[in-house]
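Below, each chain spelled out in residue letters.
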Amino acid sequence: MANSHRLPPILRVVTIAFALIAIILLGVAFLNQPQSALAEASLSEKFQLPNNAACLSCHMVEGQIKEFPNGDLISVVIAPETYGLSAHATLSCQVCHTNISGYPHPENLAQSSREYTLQYQNTCNQCHPSQATELMDSVHSRVMAEGNPNAPICADCHNPHQQPNIEKDEQGRLTTVEHAQSAMVCGQCHSTIYDEYAKSVHGTGVLVNKNPDVPSCIDCHGVHNVSGPSGGAVFRLSSPQICADCHTNEQIMSKYGLSTQVLQTYIADFHGTTVTLFEKLDPDQQINMPVCYDCHGVHDIRRSDDPEKGLHVKQNLLATCQKCHPDATENFPDAWLSHYIPDRNRYPLVYWVNEFYKYFIPTVLGGMGLFVVSDIYRRWVVDRRRKRTFPAETDEGQEGKLESTNTEDQSEEKPAEEQNQSMDDNRQDEENSQ
Amino acid sequence: MSKDQKTYTRFEVAQRIEHIVLIVTFTTLAVTGLVQKFAQSSISISIIAALGGIEMTRIIHRAASVVFLVQAIYHLVAIGYKLYVERKQASMLPGFKDLQDAFQHFLYNLGLRNERPKMDRYNFVEKAEYWAMVWGLVLMALTGFMMWNPIATARLLPGQAIPAAKVAHGAEAILAVLAIFIWHFYHVHLKTFNKSMFTGKLSRHEMEEEHALELEKIEKGLIPPPPPPEVLQRRKRIYYPVAAVLSLILLFFVYRFVTFEETAITTVSPVSARAEDVFVPQTPTPLPTRPPTPTPFPTQEGQILDGPLSWNSGIGQIINQRCGSCHGAMGGLALNSYEAAMRGGRSGAAIVAGDVEASPLVTLVRDGKHPGKFEPQELDLIVRWIQEGAPE
Numbered sequence: 091m092a093n094s095h096r097l098p099p100i101l102r103v104v105t106i107a108f109a110l111i112a113i114i115l116l117g118v119a120f121l122n123q124p125q126s127a128l129a130e131a132s133l134s135e136k137f138q139l140p141n142n143a144a145c146l147s148c149h150m151v152e153g154q155i156k157e158f159p160n161g162d163l164i165s166v167v168i169a170p171e172t173y174g175l176s177a178h179a180t181l182s183c184q185v186c187h188t189n190i191s192g193y194p195h196p197e198n199l200a201q202s203s204r205e206y207t208l209q210y211q212n213t214c215n216q217c218h219p220s221q222a223t224e225l226m227d228s229v230h231s232r233v234m235a236e237g238n239p240n241a242p243i244c245a246d247c248h249n250p251h252q253q254p255n256i257e258k259d260e261q262g263r264l265t266t267v268e269h270a271q272s273a274m275v276c277g278q279c280h281s282t283i284y285d286e287y288a289k290s291v292h293g294t295g296v297l298v299n300k301n302p303d304v305p306s307c308i309d310c311h312g313v314h315n316v317s318g319p320s321g322g323a324v325f326r327l328s329s330p331q332i333c334a335d336c337h338t339n340e341q342i343m344s345k346y347g348l349s350t351q352v353l354q355t356y357i358a359d360f361h362g363t364t365v366t367l368f369e370k371l372d373p374d375q376q377i378n379m380p381v382c383y384d385c386h387g388v389h390d391i392r393r394s395d396d397p398e399k400g401l402h403v404k405q406n407l408l409a410t411c412q413k414c415h416p417d418a419t420e421n422f423p424d425a426w427l428s429h430y431i432p433d434r435n436r437y438p439l440v441y442w443v444n445e446f447y448k449y450f451i452p453t454v455l456g457g458m459g460l461f462v463v464s465d466i467y468r469r470w471v472v473d474r475r476r477k478r479t480f481p482a483e484t485d486e487g488q489e490g491k492l493e494s495t496n497t498e499d500q501s502e503e504k505p506a507e508e509q510n511q512s513m514d515d516n517r518q519d520e521e522n523s524q
Numbered sequence: 003m004s005k006d007q008k009t010y011t012r013f014e015v016a017q018r019i020e021h022i023v024l025i026v027t028f029t030t031l032a033v034t035g036l037v038q039k040f041a042q043s044s045i046s047i048s049i050i051a052a053l054g055g056i057e058m059t060r061i062i063h064r065a066a067s068v069v070f071l072v073q074a075i076y077h078l079v080a081i082g083y084k085l086y087v088e089r090k091q092a093s094m095l096p097g098f099k100d101l102q103d104a105f106q107h108f109l110y111n112l113g114l115r116n117e118r119p120k121m122d123r124y125n126f127v128e129k130a131e132y133w134a135m136v137w138g139l140v141l142m143a144l145t146g147f148m149m150w151n152p153i154a155t156a157r158l159l160p161g162q163a164i165p166a167a168k169v170a171h172g173a174e175a176i177l178a179v180l181a182i183f184i185w186h187f188y189h190v191h192l193k194t195f196n197k198s199m200f201t202g203k204l205s206r207h208e209m210e211e212e213h214a215l216e217l218e219k220i221e222k223g224l225i226p227p228p229p230p231p232e233v234l235q236r237r238k239r240i241y242y243p244v245a246a247v248l249s250l251i252l253l254f255f256v257y258r259f260v261t262f263e264e265t266a267i268t269t270v271s272p273v274s275a276r277a278e279d280v281f282v283p284q285t286p287t288p289l290p291t292r293p294p295t296p297t298p299f300p301t302q303e304g305q306i307l308d309g310p311l312s313w314n315s316g317i318g319q320i321i322n323q324r325c326g327s328c329h330g331a332m333g334g335l336a337l338n339s340y341e342a343a344m345r346g347g348r349s350g351a352a353i354v355a356g357d358v359e360a361s362p363l364v365t366l367v368r369d370g371k372h373p374g375k376f377e378p379q380e381l382d383l384i385v386r387w388i389q390e391g392a393p394e
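Going down the list, the sequences are from chains A and B. Residue numbers for the first sequence follow the working numbering, beginning at 91 and rising by one. Residue numbers for the second sequence follow the working numbering, beginning at 3 and rising by one.
Source of the hints: derived by calculation from the structure; they are not laboratory data. Don't take every hint at face value.
As the list claims (entries may be wrong) - Counterexamples of contact, computed for chain A against chain B with all Cβ distances above 12 Å: (1) Gln271; (2) Val313; (3) Gly318; (4) Ala334; (5) Gln341; (6) Asp359; (7) Phe360; (8) Thr364; (9) Val440.
Claimed, not checked - Simulated DEER-style distance windows between Cβ atoms: (10) A:Val463 to B:Lys203: 37 to 47 Å; (11) A:Val267 to B:Ile45: 42 to 52 Å; (12) B:Gly356 to A:Glu197: 53 to 63 Å.
Beta carbons: idealized from backbone N, C-alpha and C, even for Gly.
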């Protein structure tokens, strides 16, 4: 205040104007805040939408069926109990069913129940924009864009009249019950895959044992931005990383006594090397080198000691190799080291060849190196020093290096032995004096 | 000085060309092979990318290996010519003298001997390199064959021989490349630049230093003269057909090497491409396929039909159940009690006793203009009740 007293009137006006602008900007920023899924709870009050009781007076009555021109029948009954427990319980029906404001309802031109559902494709976007954006990147949206009406929209996975709030734990992970539930949602359309999955080591872990360490569909394929192997090689080539996320995690794997070397040993092998290089250099190129799931099963992954499909069982492993190498015989599977790093007991031949070279290479190179170093010593230390000590012996002067060494060598080899002897003595004297 | 400037022919043109081909194939094999051995390093990845990807790198590696093998066959034929036709000494054969020379040269380097050992046409340095090369070629060819034809290999050998071959192949490659750097580069590039492999000639000084014994022989005229032309001709007539047959047999081996087995690589499509249909909705579908049977109305129908119709004997219960959730205490028309129902709403009476057509309760619902509806038998009862004067 003391300061503002001293301000000239013009500055005071400017200050107030700035303050006003700041307030307006704040207000605008506040209004522009993105709508979150929680913010729309008051929508029905805000827009004075009718109370749901009017709609429910008809739609809660059992047995109401809507028939479409193609003969599809859908139930249009909303059970107040389940709706009341859903995440949308506080919403007026008209928030989503914007075109229905009275009775009789306006005529709907949908020819089939699917067409009817698809009319609501963009409805969820109003309140759930981030999920809707993720969905845009999914294989489901791509299939839809390619003209397949069976591709799911939000409502196919989340029944808007029943979907309760999804329960998560403190770390934001799905509760084990929700986790299992998510797989069943995918199973609605992918029933054969679900049946395979339900029998797999992962499926029983999720569905029966409710084990949070084990992946459900969404852990590998993503939640809304669902991806899969169809259309392009990217998913397939990068899939080893999906498996590796858990299978190289010591914390998780140690609980089940599983190896964390699986990725490392895979990449070291011909198949893995190729796949990794293609992923880095040519990610769109479809190749036939196996990724994890080509051998271990796509959805029907079993324990490695499973008698029917486990790859620890030799016949199963051979059968797996023969999928791509039809001529493979009994010995062939051993060419793949089964994710082991060879040691004395497992794949001893590989181990001993490795050991041999571990000593053979340094021995050979060391021997060569020793000789080369001795030769360098002779030429660049001893001979040079001698040249400096006896410059007169080089009768040709220092014109050419070759010639100079040449004459020096001659003087070394040709003269009478006594001279040689004396030279040698000289040299040794020199060395002693140092 | 004239004696010093004299040069000695060491390598013929054919040998020099052979050496250049060897440089090219060896370097190609080393580069394309080592990037596969260390495939995860960033240098390797950029080299592989520059070569056109890993598949192309492998193809180049295999092509170079075939050139290498063919060259080895040529080399055998050329040696055969020298030994049989020209009757030259097998000067590359290692002997005890080479060990001795190496040891003596080492002592000389350390200053423990006064003179270099006198060495013949091929000294121990060159023999070591040559035989290391031969050893490397044989081992690389064998282990390379095993990796190239793993299925055939596994028919004869235990499966783990293939990864063992891979280990040996890679280790031998490192050994060969480092030996070239340490041994070859030192002796012919660093120590002195020995250009004889390109010029074909050695100076007298170089001869003295490295092939003193050969020089001595040359100067003393101990090198046997080439055989007379007619002898040469006769031997050639024998050697050429034999060499041709032998080299054809060897070339056939190389051909088999390349084509021994059709690997899965080119014949089988990726497993995932044979995936089953993905979209298989669960059956039965969660949507009802036919209308469920209507739930029977839970009023005591018989009782109503038996006795006289009145609000209290059942009509009130029907109207409450069907209309109560809207037309209750919410304002407007209320149908939750007899008095309120008969009083009507803002737009007038809902029930006119005795006159069905004037009662909107019946007409609006009957004509389908009202969201809520009665079951047909319920509507009949209400109509009868109004006709009977709508008693309480």
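To see whether the hints hold, each was checked on the structure:
1. Listed as a non-interface residue, A:Gln271 keeps its Cβ farther than 12 Å from every Cβ of chain B; the least gap is roughly 15 Å.
2. The non-interface label for A:Val313 is consistent with chain B: the shortest C-beta to C-beta separation is roughly 18 Å, beyond 12 Å.
3. Taking the minimum C-beta to C-beta distance to chain B, about 8 Å, the non-interface status of A:Gly318 is violated against the 12 Å cut.
4. Its beta-carbon lying about 14 Å from the closest one in chain B, A:Ala334 satisfies the requirement of being farther than 12 Å from that chain.
5. For A:Gln341, the requirement that its beta carbon stay farther than 12 Å from each beta carbon of chain B is met, with the minimum near 25 Å.
6. Listed as a non-interface residue, A:Asp359 fails to keep its Cβ farther than 12 Å from every Cβ of chain B; the least gap is roughly 8 Å.
7. The claim that A:Phe360 lies off the interface is violated: its Cβ sits roughly 8 Å from the closest Cβ of chain B, which falls inside the 12 Å cut-off.
8. Distance check for A:Thr364 against chain B: the nearest CB is about 6 Å away, which does not clear 12 Å, and the non-interface claim fails.
9. At the 12 Å boundary, the C-beta of A:Val440 falls inside the reach of chain B, the nearest C-beta of that chain being 5 Å off.
10. Taking 37 to 47 Å as the suggested C-beta distance range, the pair A:Val463 and B:Lys203 does not conform, at roughly 30 Å.
11. Here the CB-CB span from A:Val267 to B:Ile45 is close to 50 Å, well matched to the stated 42 to 52 Å.
12. For the pair B:Gly356 and A:Glu197, the beta carbons lie near 38 Å from each other, so the given range of 53 to 63 Å is not met.
Of the hints listed earlier, those the structure fails to meet are numbers 3, 6, 7, 8, 9, 10, 12, in rising order.
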